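Q: Chains as they are written, first to last, in numbering that gives the first Met the number 0: chain A, 0 to 203; chain B, 0 to 109.
No lab work stands behind these hints, which were simulated from the structure alone. Heads up, some of the hints might be wrong.
Now the stretches of chain A that chain B is said to cover, found in silico as 3 or more residues with beta-carbon under 8 Å [stated by the list, open to error]:
| # | stretch |
| --- | --- |
| 1 | 19–29 |
| 2 | 43–52 |
| 3 | 71–77 |
| 4 | 129–138 |
| 5 | 176–190 |
Bear in mind that the values here come from a model prediction, so they are computed numbers and not experimental data. Ideal placement from N, C-alpha and C gives every residue a C-beta, glycine not left out.
Read off the chains here:
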Amino acid sequence: MVESAIAHDHGVSHGAHASSTGLSNNKMGMWMFLGSECLLFGGLISTYMLYRGRVSSGPQPNNIFDIPFTSVSSFILLMSSLTMVLAVSSAQRKDDRNTNLWLTITALLGATFVGGQVYEFTAFYREGLGFTTSLFGSSFYALTGFHGVHVSVGIIMLIALVGMNRNNRIPGDKAEVVELIGLYWHFVDIIWIIIFTLVYLIPS
Amino acid sequence: MSTATTHEEATENHEVEDHGLSDKQYIVIALILAALTAIEVSTYYVDFGPFFMPTLLILMVIKFVTVVSYFMHLKFDNKIFSYLFYAGLLLAIAVYCGFLATFKFFLKQG
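Input sequences plus hints: build the corresponding full structure.
A: In structure tokens form, the structure reads like this:
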């Protein structure tokens, strides 16, 4: 009974496989994945930092960025983290209706952010910054594009989760599945916190 | 008795682990993050002088740690999860600082 209580305390979900650590394997796998993602984005961010001043042709970073617009996008993504954590909180209370509501709002906020990024990329391209225009352009589009793809994958996962939750087709512990997707979503947000400061706010 | 007490403690811990904070507390944290973002954006309009770069970097770290600790529940979860994540993060910082140093990035900035 004591062992059972300890396993319960350490986050082994109902229906989840017991592990030698007493922790949820799914959750540990997600944290390892997020740790490895730090290396991916670290590479992209440091490449951008190195190349942002290398503009042989086309516009300079400081002349092209629209800080007020990007600030609103950043605020939207930040607020999507709040709605995501409220979805996780609702799932833990087994409140399916609010879980679906908050997940849908999170997906909509994420879609707004991606829409803003598409608009931004289009505006930059019209101003003469293509992917191969300069090293700055290549590293900027690679970094922010990879982040945008991550947000898009997150939106697909959120929509799928809402659909599965409505049909009661989520296998295992529902709250843990919502939490795992929440971890991914928050990670996307913290990466943007870094990108917003290093890429947009600190001039080259 | 002791078994029952352990179970009660475990149940209490489980509640803390599951919920972390109340919804109201999450909203307060989100408002603090929004305020920090507003200060960050203000550096674009107001001249912070020599405090410009440190202000932005400190605010970035505070926002990062706040989201990881509270929204991602790392503060309330098992320490192994913290080790896994921060190991990856610190490895990335070390590797890419070394990478940038190789290209004399920090010298150029100074």
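Q: All hints, please: hold or fail.
A: Here is how each hint holds up against the structure:
1. 19–29: holds (count 4)
2. 43–52: It holds, with 4 qualifying residues against the three required.
3. 71–77: This one holds; 3 residues, not fewer than the three required, reach chain B with a Cβ under 8 Å.
4. 129–138: With 0 residues closer than 8 Å to chain B, the stretch 129–138 of chain A misses the three-residue bar; violated.
5. 176–190: holds (count 7)
The earlier numbered hint that this structure contradicts is number 4, and it is the only one.
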